[in-house]
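Work out the full structure, taking the sequences as your base and the hints as a guide.
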Amino acid sequence: IAPIAMGESQAARIASAVAFYFATSLSLVFLNKSLFSGAGSIGAPIFVTWFQCVVSVICCFLLGELGKRVPSLAFFPPFELDIAKCKATMTVSGIFVGMITFNNLCLQHVEVHFYQVARSLTILFNILLSKSMLNETTSWDAIQACIVVVVGFALGSVGEAHFSFLGTIFGVTSSLFVALFSIYVRRSMPIVDNNSWKLSLYNNFNASIMFLPLILFSGELKTVTESPLLIDGMFWTVMTITGCMGFLIGIATFLQIQVTSPLTHNISGTVKACVQTVLSVLVFGSTMTSMSAVGVLLVVGGSYQYAIVRRREMDRKRSVPSPPTADDSGLGGKAASGAVVTPSSMEEGGRGPKWRLCDVWAACKEPLLQPHLSSRSRVPPHAGQPSQYAGDVCSLNADTSAGACTGLTSAAEDGPRAAADPAAAAP
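Residue numbering for the sequence shown follows the numbering used here, starting at 106 and increasing by one per position.
Keep in mind the hints are simulated off the structure, nothing from the lab. For glycine and all other residues, C-beta sits at the position ideal for the given N, C-alpha and C. Warning: the hint list may mix true and false statements.
[As the list claims (entries may be wrong)] No more than 30 angstroms apart at the CA atoms, straight line, and that leaves these computed lysine-lysine pairs for BS3-like: (1) Lys-192 with Lys-173; (2) Lys-190 with Lys-236; (3) Lys-173 with Lys-190; (4) Lys-236 with Lys-192; (5) Lys-422 with Lys-236.
[Stated by the list, open to error] Derived DEER-like restraints, expressed as beta-carbon distance ranges: (6) Phe-322 with Arg-292: 38 to 44 angstroms; (7) Thr-392 with Thr-196: 36 to 42 angstroms; (8) Ala-266 with Ile-336: 15 to 21 angstroms; (9) Ser-114 with Leu-171: 20 to 26 angstroms; (10) Asp-337 with Ile-248: 48 to 54 angstroms; (11) Ile-336 with Ile-248: 49 to 55 angstroms; (12) Ser-114 with Asp-337: 43 to 49 angstroms.
Following this line, the structure appears as structure tokens:
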């Protein structure tokens, strides 16, 4: 009876986490759409995005204080603002500003069902930037998945009934910024003690300052001050809700990955994209042509395949052990398993020790045969270093919000991480 009860409890946690992620993400997209181009739109997307960043900073403060008193929220660090860290994270925060700004501008100009397609080139930019900036090669399987996404983007754009060239440009630009963000997050994590929640705080705090001149020079300050919505209580209620949702999407992603896995999170994101498209057509009356529908399916399917390929590649990298040495073992020439590790002979020309396969296997077989850690025994997500897979998760699942992709990158890996894609990202 106990194992059954435990299984039911685990299943309930998984169902709750997935439902929370779906509800938060879908609500965020449709509420933001109403703020940017609906009947209750104020016509100032940069101002709306700035306000969401301010709400996220307030949420960071409140959760930081609650984390001191509520054990279940202890994963959230105490609120801190270090001027030196603010300056050190200014570059990644600037990219963050570009990412969420163009995300929201894209959503303002395109239909919700096309929104997924317009931002789908993040995978392409991930591959290009990984090669040009990190000198990392991409497997043929991943490139094939990327080609499917690009074909889907082309078909979806051509077949879109209410095609917006400007909205598509905003979507492609946001894809570039999401790919850049995943790279610079990895570089910035040591600044904030490898804690994604701290990076979320500094990104949103810096962004709330960076947006001020943008609001001024874009003319939105005049638009806001002259709008009758400025004294509309319902408008500010929706604004506050979307700001909280923008922060909660990071927590929803964190929880979903913790009780499942990064790959399951990507699958969930894929299903969510399909549900989002269906809701856009059935509930909100968006018009989809057959070619546009094929484009959406190719984008979603290619993104899903890319996530699977990248996850398998990361798993293979983790499973390859490094040859043990006496110095590394710290046991005076004995491996952790108790096997004596000695070089069987010296290579010709004195180039170093030549290891016998049986010696290496004796030293490594025990760790290799141990089962993987369960989700309940994983190290907290901020305990390790971020890796490429986190950027892929961020790229594949980015949501439109100030909080999108901020907690995701660090949460995207299992165990003592060897973690994104937009593709969540965000957003």
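A quick look at each hint next to the structure:
1. Lys-192 with Lys-173: holds, 27 angstroms
2. Lys-190 with Lys-236: It holds: about 29 angstroms lies between the C-alpha atoms, which stays within 30 angstroms.
3. Lys-173 with Lys-190: holds, 22 angstroms
4. Lys-236 with Lys-192: holds, 28 angstroms
5. Lys-422 with Lys-236: Judged against 30 angstroms, a Cα distance of about 18 angstroms means the pair holds.
6. Phe-322 with Arg-292: 38 to 44 angstroms: Given a distance of about 29 angstroms, which is not inside 38 to 44 angstroms, the answer is violated.
7. Thr-392 with Thr-196: 36 to 42 angstroms: holds, 41 angstroms
8. Ala-266 with Ile-336: 15 to 21 angstroms: violated, 37 angstroms
9. Ser-114 with Leu-171: 20 to 26 angstroms: Given about 25 angstroms between the Cβ atoms, the range holds.
10. Asp-337 with Ile-248: 48 to 54 angstroms: The hint (48 to 54 angstroms, Cβ to Cβ) holds, given that Asp-337 and Ile-248 are roughly 50 angstroms apart.
11. Ile-336 with Ile-248: 49 to 55 angstroms: Once the Cβ atoms are compared, 54 angstroms apart, the range 49 to 55 angstroms for Ile-248 and Ile-336 holds.
12. Ser-114 with Asp-337: 43 to 49 angstroms: holds, 45 angstroms
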